Amino acid sequence: MEQTLLEVSIQDSGYEQNNKIIEDLSFSISRGEIVGLIGPNGAGKSTTIKTILGLLESTNSKIDFINNHTYAYIPERPVFYDELTLWEHLDLAAGVMGIEDSQFNERAMKLVNLFHMEKAIHKLPSTFSKGMQQKVMLITAFLIKPDIYIIDEPFVGLDPMAMQDFLTLIDNEKERGAGILMCTHVLDTAEKVCDRFLLVASGRLKAEGNLDYIRAEAKLPEAALLQCFNQIVQGESSNE
Amino acid sequence: MNNSLFKTRFRKEIGYQWGVFKSVVDRTIFLYLFIPALAIGGYHYYIWWSEIPSWVNGFPLTFLFILLYFFCWEGRIRTFLEEADQLFLLQKRYLVVALKKSTRNLYVLGYSVGVLILVGILAPFLFNYYNLSWLEILMVTFYFISLKALILGWKQYLDDIVSAWKKGFFTVLLFVALGAFTFSFVTWALEQFTFLLLMIGLIQWYLFWVKSSKRIYKLTTFSKDVEVENMLKLKYVRNIFVFSEYVEKTPNQKKRSSLFYRNSKRIYNKRNRQKSLQELFIKVLFRNKMYLFQCLQISSITTAALIVIPPIWIKCMIFFGYIIILRMWIKIVYKRTMSNHFIVNVRKDDIIRIQAEHYIVNLISLPVISIVGLILILIIV
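Heads up: the protein sequence lines correspond to chains A and B, in order. Note that my numbering gives residue 27 to position 9 of the first sequence, counting from 1, and the numbers run on in steps of one. Note that my numbering gives residue 1031 to position 273 of the second sequence, counting from 1, and the numbers run on in steps of one.
Check the hints yourself; a few may be wrong.
[Stated by the list, open to error] Below are the DMTMM-like pairs computed for lysine to aspartate or glutamate, each with C-alpha atoms no more than 25 Å apart in a straight line: (1) K141/A - E985/B; (2) K80/A - E51/A; (3) K1089/B - D100/A; (4) K128/A - D82/A; (5) K993/B - E94/A; (6) K1106/B - D189/A.
[Said to hold, decoys possible] If you want the ones that stay clear, here's a sample from chain A, every Cβ over 12 Å from chain B, calculated: (7) Q29; (8) D30; (9) E34; (10) I84; (11) Y89; (12) R95; (13) V97; (14) D100; (15) E106; (16) H107; (17) V174; (18) I188; (19) L205; (20) D213; (21) R222; (22) K237.
Please keep in mind that the hints were generated in silico from the structure rather than gathered at the bench. Note that the structure is a prediction, hence the values are computed from the model and not measured. For glycine and all other residues, C-beta sits at the position ideal for the given N, C-alpha and C.
Turn these sequences into a full structure, and let the hints steer you where they fit.
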């Protein structure tokens, strides 16, 4: 079984041909690995994710989901169909990913119960609160059990209980062998969860590696990720 | 300051709507469509003053009143309030009140001019065919202007009703009751005592003024005002978005699930990847009132054209054009449905997307086209 699930090689990418947001950004994600994509606002994190998802036209990049590995995307702003209920969204996700009915029902009910959404299954997610909408996104992603998770700001809007459940599920998926790319600003949680970090600033990869490596890069051997992050980003901007 | 806020927002609004207009009507459309239409329309209007067209024969005067009455139910009073106003502006009550007063006056004045223009367009018929005098036409105009204002005021109160059923019931009730009163009263007053139109008109003005002034001083209507404002501001933009598959539509505010396949019931019990996409599209189409309305609109306008236009060859051309447009419209709705990021992992080039599209376009268009086609056959035979 191959170890690398996703190979990303971005020469440049952006929303317009003459306006590149990110340049020279390459990395890979392996089985059972949680990679944190971190960086200040406007650094190019969302552009990186959109490039991976193939949503940008103006891009010179090679995105290889090796052997057509499946993926689930959890966006920062939940997206839904106004006309479909929660259950219909789950059914749709399972349907297009080719999951059998028996597996679907069991998995879906388990996740719905875990996130305490039983009473809302026949309601429209577009009318839910932000936190509930985020839970629906998580349920949908965990339902299809993909090889790769691409998660944009997963902690926004979640209550502490849901956050704990989410982290447990992520851990289980890691054990199963899934690769996870997690884009977040919540650095103290990322520090505990992620195995490796990609620090992006001004559209370029500034540092890549585990916490020890990031600490060494920042020349702060005992520091938390947040301090290292500030050191590297500020160091870069003062050099510029 | 009181008026400068209104002026700023009014200018901003004009700029915004002008931008929307320009995005649809570019110079070419203006030159080749608008100017010729204006010239041809103007020419016909000029002719109407000297010679009444034959197609007017048989139209009762009430028909023109129905036109005016429908116009009275068009539009709403806007407030130019914005959501962000709750941060600071709401603390300055006098500014909000002044803004609401100015916008009310602006919209009532604007719609009054609208009634005047409509009466002006109908004037050749009112004078030369229905033989009304200047005074009678003036009285009728005044009555409909005051009726327009009264309805605009009532609409604001109808907007405050939370229950959709209750709101619908009262709207229909008002529409029917006011319509019945208007047609019988205006016809009767023209025959018996024209000045009654002036008197009832004044009462309508008074009612509107009292009710609307009361509402202007209320700040508790802020949320509703902003909601209506957003809806009205985007009214024309939404019409453009309807035909753009790439633009995200405005979020739906409905709170209840649909009755169509309720409680998440499946359409296909035994499903596969393609059927999942088909089910998605069918549910989206039949649960979205806007899509249903558009389909009905395209089909009803075509049917009306098939009935009204006499030459058979033009009827057939219209019918073939209708087939192309309907199928194109279904494809646009399908592409828009598939562009939702919820199914981002079904890639654009995935064969099931294309297969589902073929199936869906035929499934939806064939029955609708058959009905319109049947009507065409009945008309010809």
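Each hint, compared with the structure:
1. K141/A - E985/B: Holds, at roughly 23 Å.
2. K80/A - E51/A: holds (21 Å)
3. K1089/B - D100/A: holds (19 Å)
4. K128/A - D82/A: violated (32 Å)
5. K993/B - E94/A: violated (29 Å)
6. K1106/B - D189/A: Cα-Cα ~32 Å, so violated.
7. Q29: holds (21 Å)
8. D30: holds (22 Å)
9. E34: Per Cβ check, E34/A is outside 12 Å of chain B; nearest 15 Å; holds.
10. I84: holds (16 Å)
11. Y89: violated (6 Å)
12. R95: violated (9 Å)
13. V97: Non-interface label fails for V97/A: nearest chain B Cβ at 5 Å, not farther than 12 Å.
14. D100: For D100/A, whose nearest Cβ neighbour in chain B is about 3 Å away, the distance does not exceed 12 Å, so it is violated.
15. E106: violated (5 Å)
16. H107: H107/A not clear of chain B: closest Cβ-Cβ about 7 Å, inside 12 Å.
17. V174: holds (17 Å)
18. I188: holds (19 Å)
19. L205: holds (26 Å)
20. D213: holds (24 Å)
21. R222: holds (26 Å)
22. K237: holds (40 Å)
The structure does not agree with the numbered hints 4, 5, 6, 11, 12, 13, 14, 15 and 16 stated previously, though it agrees with the rest.
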